[in-house]
Amino acid sequence: YKSYYLNVIFNSTKKAKFNIFKIIILFNFVDALEVLTYVRD
Numbered sequence: 111y112k113s114y115y116l117n118v119i120f121n122s123t124k125k126a127k128f129n130i131f132k133i134i135i136l137f138n139f140v141d142a143l144e145v146l147t148y149v150r151d
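For this note's numbering, add 110 to where a residue sits in the sequence shown, where the first one is 1.
Heads up, some of the hints might be wrong.
To be verified - Below, in silico cross-link-like pairs of lysine-lysine (DSSO-like), each with a Cα-Cα straight-line distance of 27 Å or less:
| id | residue 1 | residue 2 |
| --- | --- | --- |
| 1 | Lys112 | Lys127 |
| 2 | Lys125 | Lys112 |
| 3 | Lys112 | Lys124 |
Claimed, not checked - Pairwise CB distance ranges (calculated):
| id | residue 1 | residue 2 | range |
| --- | --- | --- | --- |
| 4 | Phe137 | Tyr114 | 34 to 40 Å |
| 5 | Leu143 | Ser122 | 29 to 35 Å |
| 6 | Asn117 | Arg150 | 47 to 53 Å |
| 7 | Leu146 | Lys125 | 27 to 33 Å |
| 8 | Lys112 | Leu143 | 31 to 37 Å |
| 9 | Ile133 | Ser113 | 29 to 35 Å |
| 10 | Lys127 | Tyr148 | 28 to 34 Å |
Rather than coming from a laboratory, the hints here were simulated on the basis of the structure. Source: prediction; values computed, not measured. We treat Cβ as the ideally placed atom computed from N, Cα and C, and that holds for glycine.
Generate coordinates for the entire structure from the input sequences, incorporating the hints supplied.
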């Protein structure tokens, strides 16, 4: 039982880390777009 719960916790933290990574990439992408539009104007 214990190993199963540890596995679930480990998988959920991995997913959370991946989601945080995706969010960071998204914010960087938005920043880059803002810079590009600023440069064009």
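*Which hint numbers doesn't this structure obey?*
8
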